[in-house]
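Please construct the entire structure, taking both the sequences and the accompanying hints into account.
Here is how the chains run, residue by residue.
Protein chains: 4
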Amino acid sequence: MIQVGIIGAGRIGRVHIQGILSGVPNAHIRGIAAPHITDEIKTLARSAGTEILTQDFRVLLRDSRIDAVLICSPTSTHADISVEALQAGKHVFCEKPVDLGLVKIQTVIDAAAVSGVKYQVGFNRRFDHNYQALHRAVSSGQVGQVQMVKICSRDSEPPTPKFIPSSGGLFLDMTVHDLDMVRFLSGSEVEEVYAAGSVLVDEAIGRAGDVDTAAVMLRLESGALALIDNSRRAVYGYDQRAEVFGSLGCVSIDNDTPSTAVLSTAGGVISEKPHWFFLERYLPAFQEEVRQFIDAVANDYPVPVGAEDARKATLLAMACTRSARERRPVRMDEFQTM
Amino acid sequence: MIQVGIIGAGRIGRVHIQGILSGVPNAHIRGIAAPHITDEIKTLARSAGTEILTQDFRVLLRDSRIDAVLICSPTSTHADISVEALQAGKHVFCEKPVDLGLVKIQTVIDAAAVSGVKYQVGFNRRFDHNYQALHRAVSSGQVGQVQMVKICSRDSEPPTPKFIPSSGGLFLDMTVHDLDMVRFLSGSEVEEVYAAGSVLVDEAIGRAGDVDTAAVMLRLESGALALIDNSRRAVYGYDQRAEVFGSLGCVSIDNDTPSTAVLSTAGGVISEKPHWFFLERYLPAFQEEVRQFIDAVANDYPVPVGAEDARKATLLAMACTRSARERRPVRMDEFQTM
Amino acid sequence: MIQVGIIGAGRIGRVHIQGILSGVPNAHIRGIAAPHITDEIKTLARSAGTEILTQDFRVLLRDSRIDAVLICSPTSTHADISVEALQAGKHVFCEKPVDLGLVKIQTVIDAAAVSGVKYQVGFNRRFDHNYQALHRAVSSGQVGQVQMVKICSRDSEPPTPKFIPSSGGLFLDMTVHDLDMVRFLSGSEVEEVYAAGSVLVDEAIGRAGDVDTAAVMLRLESGALALIDNSRRAVYGYDQRAEVFGSLGCVSIDNDTPSTAVLSTAGGVISEKPHWFFLERYLPAFQEEVRQFIDAVANDYPVPVGAEDARKATLLAMACTRSARERRPVRMDEFQTM
Amino acid sequence: MIQVGIIGAGRIGRVHIQGILSGVPNAHIRGIAAPHITDEIKTLARSAGTEILTQDFRVLLRDSRIDAVLICSPTSTHADISVEALQAGKHVFCEKPVDLGLVKIQTVIDAAAVSGVKYQVGFNRRFDHNYQALHRAVSSGQVGQVQMVKICSRDSEPPTPKFIPSSGGLFLDMTVHDLDMVRFLSGSEVEEVYAAGSVLVDEAIGRAGDVDTAAVMLRLESGALALIDNSRRAVYGYDQRAEVFGSLGCVSIDNDTPSTAVLSTAGGVISEKPHWFFLERYLPAFQEEVRQFIDAVANDYPVPVGAEDARKATLLAMACTRSARERRPVRMDEFQTM
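Protein chains in written order, with the working numbering: chain A, 53 to 390; chain B, 53 to 390; chain C, 53 to 390; chain D, 53 to 390.
Hints are computed from structural coordinates only; laboratory data are not their basis. Please note: incorrect hints may appear among the correct ones.
[Stated by the list, open to error] Pairs of lysine to any residue residues, derived as SDA-like cross-links and limited to a Cα-Cα distance of at most 25 Å, are as follows:
no.	chain 1	residue 1	chain 2	residue 2
1	B	94	A	98
2	A	94	B	377
3	A	94	B	75
4	A	94	B	285
5	A	156	A	136
6	D	214	D	194
7	D	94	C	351
8	C	94	D	74
9	D	94	C	323
10	A	94	B	70
11	D	214	A	299
12	D	148	D	74
13	A	94	B	351
14	B	214	B	285
Here you go:
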């Protein structure tokens, strides 16, 4: 039984607490640290048989009975808490992104390298049942040599313009998941990116200096090509599809829906829209990534996705940002001296 | 917070314990009664903060802090324990079937009638997301006047021939779910049934006096017709589909699958098979029925499906058995004197 | 090059003329007989290079250069013209039904037996690309031993009540296609039928002595079961689906649609309705049956569907009519003395 | 009745002859010019009642009874014959491409401008039922303001490497259809293209100086973005899909298949592959474009797609070629002085 501390009990922290309770039988939540201990957190703690409730995450880091922590605090604190936790000898699962800047990510990578413990990053989408099936088909050779990867990712609702400045921009906030997915699915690193953005959804996003619609083309080191398209608003729901094409075939995934019901009327044949909210689509994936993290800790397996993956996805997102701004293809070796 | 006792911790009992833990926040499992207290049960009890572990279900019935019990013991004990629990003033959720015989079911109905507490029966399929969507479309009027109901229900694997004698036969064991579904979806009672069975899957089932393949046609009081087809073995998985056709349209549901992945190769376009095991398909439905039971108890709502529904479905299954045996249509009023 | 005479140039006759022109290269339409030679017929004849236009079909039967005739005249004349044509030594393709009564059908069977020429009946649905794919999957053994056949056939619009008396009733007019399909798909004869009908679409149909909604259950000699459901009105279009289930799997066909377009909006995910009109769905099948008839004539192959198939389907439709009227299962051997 | 001359009776010429015969009732094929008058052409001519069979296309241009010609000769002759035909006062339908070079295309545009007759170009895909449905959804406003256009176009088999030098390269030979489709669907002109190619299918194609795999990103003048991906070989068949995303929703089209049959077995759920051959997919579109051409001639309507569309698609394909070669985005105004 792995003893776990949860650092941060906002929306995503509570998702992880609930996920451990219902489906990670070899983990016990020993402590929860949150700036405000709400009634909801107290109830969750009671269900979980949690011993420690604290406003100071360092209480958890100092507790020698805690094996691992899940960092679910605000993005800006991820890297610093990661380093402290690693130095305290705790296995770390850190929510995505580790940081919006490469310098801090590198600090975490370095701390993880010398720590001798596990460090996993929350690229939850890799653990979704559909992407898993896609990855399995590709890695088992069913599509042969990968020639083209296509990812479509559209939010159901745009963020408030206020959020934009702290988001790092669409490519770092949103496309970063798709860039990670290209690496995950293709098994190849990226050689060059070309990105274009447009403001078509909300002019306030444009005034805040960001785009809300984007397309990215990637040349992979393997020779394959990849295409990503993003939008901040799909009125029909959270749209998450992907396709990998290769020498032996093509595998694609479609959206999940609330039911398989199809209604045929004089007005048309109507089926369900995709889920609206990312948590409806990815809730099981949030649980699965923690399950695998706990297994990696318990059995000393390698973690399925680490800090180096976070660094590479961030680098790709930065290259996209640069490409869109300078309207030219950006080679990844421009960043190599970093 | 409703205090719950679980009677019986076999497969389905553990499904309910897990279901309450992960998704029925206003229920606490105060006690578990099981003939053998295994380590698995002890672990579950610890996660759930359960105070009482006993081999004697009457310990739970006597405990005044327990509001409601879930009866998950073997079928042959359902009716007797139901009556005892009702007499002890406990709200009861009883797994399906209440009994294979009408006499005992009537005893339960009578006990429930005088008890002043809730009595819900585990027709889990009514709570499945797909059947719920189907029912919603029908009851909201989207297909107009119902004219035809079709239900296809096929198991992935036949039971062992040993199980047959105690099962009540295919119509009472398997079709009973579909018969309940016809009532649920059509909103109408049944006037007449015509059923045919065949032994096409396993001759040992035939030697045990049962059939493994069946078709049922129903005339409903509303004038609508209904068709059911069953098989004990679909090699591609647990097959659960339905369709309601009416004056304004048609609504149908298809199977759930492990993922939406579709693989196109030189050999064909291949998508996922339906789930193999009924628990993969209906796990959320098992949770949802208990959630609604607890809500009915907590808020004094009527239960969504009661003992009278069990009696009617059992009666329909008996009529099917008689029809198949005597090779003639059987009117439901043949049973009216019972 | 087979020289063809067309007898009757109403809607279906013109469909066949057009079909031969565009896709039966080894047939030449030498003559057309029609009670009224309209301008449309004249234009068609000119395109086809047709030499003879006559109001008297016997002109065609006497013309020694004509090898084969297509009988597209009104139903009541099918049998008599068939016999005359066979006696004149012409190969005959006769539109369905050969007759609504068994006596006349038998006369045609007898005339065909002694004629030494081909006699094909227009069960066009057997030649539809979807039913052909279904049949191919079954006959190649891909579903193993057939255990269940299901056919759903719904018209988009009911006939005018005036048509009912001459139609023979829903089972002879509509279900007859599905009964033929059960034989075609299962490769088995029928042992017993049980049919139920209801008047749910149009009370005038009921007043004319017919039903507009029907369900049929069949026990096949092979032990398999079959289910058919019919409606005179599906508001979403002409609904033609089927499924064959067996020991090794299940194969099903869905409706054709005008396009594969899918529109996702805030209001739902909308795809195309099935075709509305039976000719939109079955036009290629009408051409394909004639192509195979001409090939059978040209190469002295057996015809794919003959007068005996018409007799058996008619017998099954009569058994359905009797079953629905007498509300009892009807064994096919009740008809054996005929 | 429009009198038509066919110039060139190779594969595509014969497709048009057959198409006119079976579905363009207001056209008569008066003459066919072909360098070799084969038996197959003679048979077609007989069916069509064609008066003139000649090896010299100028015989048709000089025949005053011929209203319109279809140019189906080799690509290299399209432009010159177009100009001659226009100068002879014939309405012209010219197979795609008009020419691989802009100079000759301009000559045709100029000749058409002064001719006073119709000039239509064979962008057949615009007339396909699926693309038509897509276009209708977009142009009727169902997806709102267009934000993203995606086109996937993959051949089932690569051309022989010998064909490559005369093809103009993948972008001019294959992508040109998709580039035209982006204009057709978006209703917007293109501002800038970025294209990447790779040799992943056949190294001989690479040695011939071409690519076999490509991706294109386009910025449209409207602010929308577009993505195209191409491959010379999809082992599962001819893959032709598209999607338009906008402020009110998303509309997509999928491949056509030979049937709707779905086979569920222990090995998986298998549906049909797309058609293998472009003529299976686009045969009705080849007929429809000629039908609309003849209607435009008969009623003096504007043609649905003209020489200027050919020029623009060619220009875009040239920009792609340049972009892929120079590895930089290419603005369309680089070409404006031409």
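Status of the hints after comparison with the structure:
The hinted pair formed by residue 94/B and residue 98/A meets the criterion: a straight-line CA distance of about 18 Å does not exceed 25 Å. Taking the CA atoms of residue 94/A and residue 377/B, the gap is near 60 Å; set against the 25 Å cutoff, the hint is violated. Simply put, residue 94/A and residue 75/B have alpha-carbon atoms about 17 Å apart, close enough for the 25 Å limit, and the pair holds. With a C-alpha separation of about 48 Å, the suggested pairing of residue 94/A with residue 285/B is violated against the 25 Å cut-off.
For the given pair, residue 156/A sits about 13 Å from residue 136/A by alpha-carbon distance, which is consistent with the 25 Å threshold. Taken as a hint, the residue 214/D and residue 194/D pair is broken in the structure, with Cα atoms around 45 Å apart against an allowance of 25 Å. A distance of roughly 24 Å separates the Cα atoms of residue 94/D and residue 351/C; the hinted pair therefore holds under the 25 Å criterion. For the hint linking residue 94/C to residue 74/D, the alpha-carbon distance of about 16 Å falls within 25 Å, and the restraint holds.
Straight-line distance between C-alpha atoms of residue 94/D and residue 323/C comes to about 44 Å, which puts the hinted pair past the 25 Å bound. Using a Cα cut-off of 25 Å, the hinted pair residue 94/A and residue 70/B holds, with the two alpha carbons roughly 21 Å apart. Of the supplied pair hints, the one linking residue 214/D and residue 299/A holds, its CA atoms being roughly 22 Å apart against a limit of 25 Å. Taking the CA atoms of residue 148/D and residue 74/D, the gap is about 22 Å. The hint holds against a cut of 25 Å.
Distance hint between residue 94/A and residue 351/B is fulfilled; the C-alpha atoms sit about 24 Å from each other, no more than 25 Å. Between residue 214/B and residue 285/B the CA atoms are separated by roughly 16 Å; this keeps the pair inside 25 Å, and the hint holds.
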